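Novice: Sequence:
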Amino acid sequence: MSLKIENGVYALDSRGIPIEIQGLEELTQEISLALTMIRGSLPMAPELGSSLAGIDLTGEDAEEQAFASATEALLIFSGVTVRSAEKVSGGINFRVDTPLGETEVLYGNHE
3 MSLKIENGVY
13 ALDSRGIPIE
23 IQGLEELTQE
33 ISLALTMIRG
43 SLPMAPELGS
53 SLAGIDLTGE
63 DAEEQAFASA
73 TEALLIFSGV
83 TVRSAEKVSG
93 GINFRVDTPL
103 GETEVLYGNH
113 E
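Quick note on numbering: the sequence shown equals residues 3 to 113 in our numbering.
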């Protein structure tokens with residue numbers, strides 16, 4: 003079980019208590035964090051993160067580069083595979099298969 007993060011801060015319920023998540027929602031959040039974190043930014047765990055920050059998301063081959071970067075970043079998760087990477091307004095939408103079901107993760111502009 004983890005605490006839900008929204009817009010970079012812990013999400014709170016109507017009483018101001020942090021919201022707990024589990025299952026596919028928790029795994030989706032962990033995948034999103036792995037894709038967003040810059041690979042090598044944690045000295046104690048340089049293998050964590052992705053190289054997505056170095057990709058020109060407006061480039062012709064952005065989807066292929068993003069797919070490869072996400073696939074590499076998600077190797078740390080057992081049974082998780084990237085199904086597709088699709089350019090959307092200002093970012094990349096990933097479809098990901100997990101042992102808990104399919105999920106989608108948006109990387110980039112969240113507008």
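Bear in mind the hints are in silico, worked out from the structure with no lab data behind them. No experiment lies behind these values; they were computed from the predicted model shown. For glycine and all other residues, C-beta sits at the position ideal for the given N, C-alpha and C. Any given hint could be a false lead.
What the hints assert, rightly or not - Pairwise CB distance ranges, derived in the manner of DEER restraints:
(1) E62 - S16: 38 to 48 Å
(2) D58 - R85: 18 to 28 Å
(3) A47 - V11: 20 to 30 Å
(4) L5 - E62: 32 to 42 Å
Novice: All the hints need checking, so say for each whether the structure fits it.
Specialist: Do the hints match the structure? See the list:
In this structure the hint that E62 and S16 lie 38 to 48 Å apart at CB holds, the actual value being about 46 Å. One distance hint, 18 to 28 Å for the beta-carbon pair D58 and R85, holds here, with the actual separation near 23 Å. Distance hint check for A47 and V11: the Cβ-Cβ separation is about 23 Å, which falls inside the suggested range of 20 to 30 Å. Between L5 and E62 the C-beta distance comes to about 39 Å, which sits within the given range of 32 to 42 Å.
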